[in-house]
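A.B. asks: Read top to bottom, the protein sequences are chains F and U. Mapping the first sequence onto my numbering, position 50 (from 1) lands on 50, and the numbers just tick up by one. Heads up: take any position in the second sequence, counting from 1, add 1000, and you land on my numbering.
There's no promise every hint is true.
Among the chain F residues that face chain U by a calculated CB cut under 7 Å, a handful are [said to hold, decoys possible]:
no., residue
1, Thr244
2, Met335
3, Pro346
Just so you know, the hints here were simulated from the structure itself, not pulled from any lab data. For glycine and all other residues, C-beta sits at the position ideal for the given N, C-alpha and C.
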Amino acid sequence: MKQRERYSALSVVRHGLTREAWPRAWRTYDLKHTYDVVVIGAGVHGLATAYYLASVHGIRNVAVVDKAYLGGGGSGRNTAIVRSNYLTPEGVRFYDRSLKLYEGLAGELNYNVMFSKRGHLTLAHNDSSLRTMRWRAEVNKLQGVDSEVVGPSELKELIPFMDVSKHTRYPILGALYHPPGGTIRHDAVNWGYARAADALGVEIHQQTEVLAIERDMNGVRAVNTSRGRIDTRSIVNCTAGWATLIADMVGVRLPIETHPLQAAVTEPVKVFLHAVVVSGSLHVYVSQTDRGELVFGASTDPFLSYSMRGSLGFTEELASHILELMPGIGGLRLMRQWAGLCDLTPDFSPIMGVTPVNGFFLDVGWGTYGFKAGPAAGEAMAELVSSGKPPSLIAGFDLARFTDGRLTSERGAASVGH
Amino acid sequence: MLLVPCSLCGPRNVDEFRYYGVPKARPAVESAQPGEWRSYLYMKRNPAEWTYEWWYHTLGCRTFFLAERETLTNEFRRPVSSATSEEGTET
């Protein structure tokens, strides 16, 4: 059996005929005593950081450690929506870079990530919402991102079954239409990055929990894990909902509170929804997978919690809101619900860059919008770790902005129900 | 369904309450430096363990009370009975 193999139609045929086993997508290793970089968190951000460190900067002596299985946190629990229609110029530039990377990702990683650019619609049900949509559209256009405000009749053409009349409880006044947005197979992105990083020599260590971080007068010195101690001078915190637990180990305070974000999925039905639909006022977003399941998200649970279970309260709230939008789906059965942890920041923008502790880097605070940012975040963090300087793309996301009083507020575009 | 033990009403559904967070000590308003004040506003304690926190019973008796909860499992202990109690208030 080969160690590594390029996926292709030819390889599928070959394996079909010869019955040869496929090589493992990533390997397991014993933990070495030292690595150049230790990335804590094997989600899309951590894996992308490791991949770009190896592929772009030639830094391959990298370990990605995770206390559970790779892609098991927010990266495996999101509703897989990708878009760049944000409110601030910094945000739009950042997410657009990510979108461009997503466009080429399947080819670059040799892994089918199933990126479906089906269009993204954010509905406005009142004047202030419509004003925010117009604001976002103009900011987007200035950054070269395709977004436009459409009226009810244009919306009807895009989504024929949508009730755009004035007879609903919250009539739709218009929407922000963002054609480049869409959905992606989130697990495939995680696995694609893991496989590609592994092929370049990065070691992924699952079931390896970080217990403590050692410092000396020069900064971080070592990581103590459940499988042994690692000497290193570069640590990247990509642990999302668990970010403060790691930051506490080096005495770095973060403006982060962890809240669960729930999601749910219905039984499969014939595909009728061809775009992603979001309604801020109704606190709900929905898309339909290629298998026909409707995937829903709504608001975060309004209290700090590290629990990843779903709740009946969420389902009731979700049902009441989505049925406002699509009364016809009332008979569908809900198949599954779950939650992921969101590291929420006061300004709904992430925290990326350096800290007062030398060698301890942050890529956290991604809240409810981390998955779409994975590729651009990984690329930027790899450049930061490699050069020591934060690239200009992430300059507005530094930790110091909170004590300096210059927040980067994305509340208007960061999601629903905050 | 998460039942929050209100100090006056007993266990009620979490939808009836508003979460006010882990207590933090406020610096003196007159003398706090901007950086110190912003630290107080923005920096959070984000415990993954038993912790004290303020809850407000919006749809019930409308009192503030301190509850003790394990944030990994959402298990509650019996609440502190008075909103004026100093127990659990910390930096």
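A.B. asks: None of the hints should be skipped; say for each whether it holds.
C.D. replies: Comparing the hints with the structure gives:
1. Annotation: interface hint on threonine 244 (chain F) holds; nearest CB of chain U at approximately 4 Å, less than 7 Å.
2. Against a cut-off of 7 Å between C-beta atoms, the interface hint on methionine 335 (chain F) is violated, since the closest Cβ of chain U lies about 21 Å away.
3. Hint on proline 346 (chain F) holds. Least Cβ distance to chain U is approximately 5 Å, under the 7 Å limit.
In summary, the structure is inconsistent with hint 2 from the numbered list given earlier, while agreeing with all the others.
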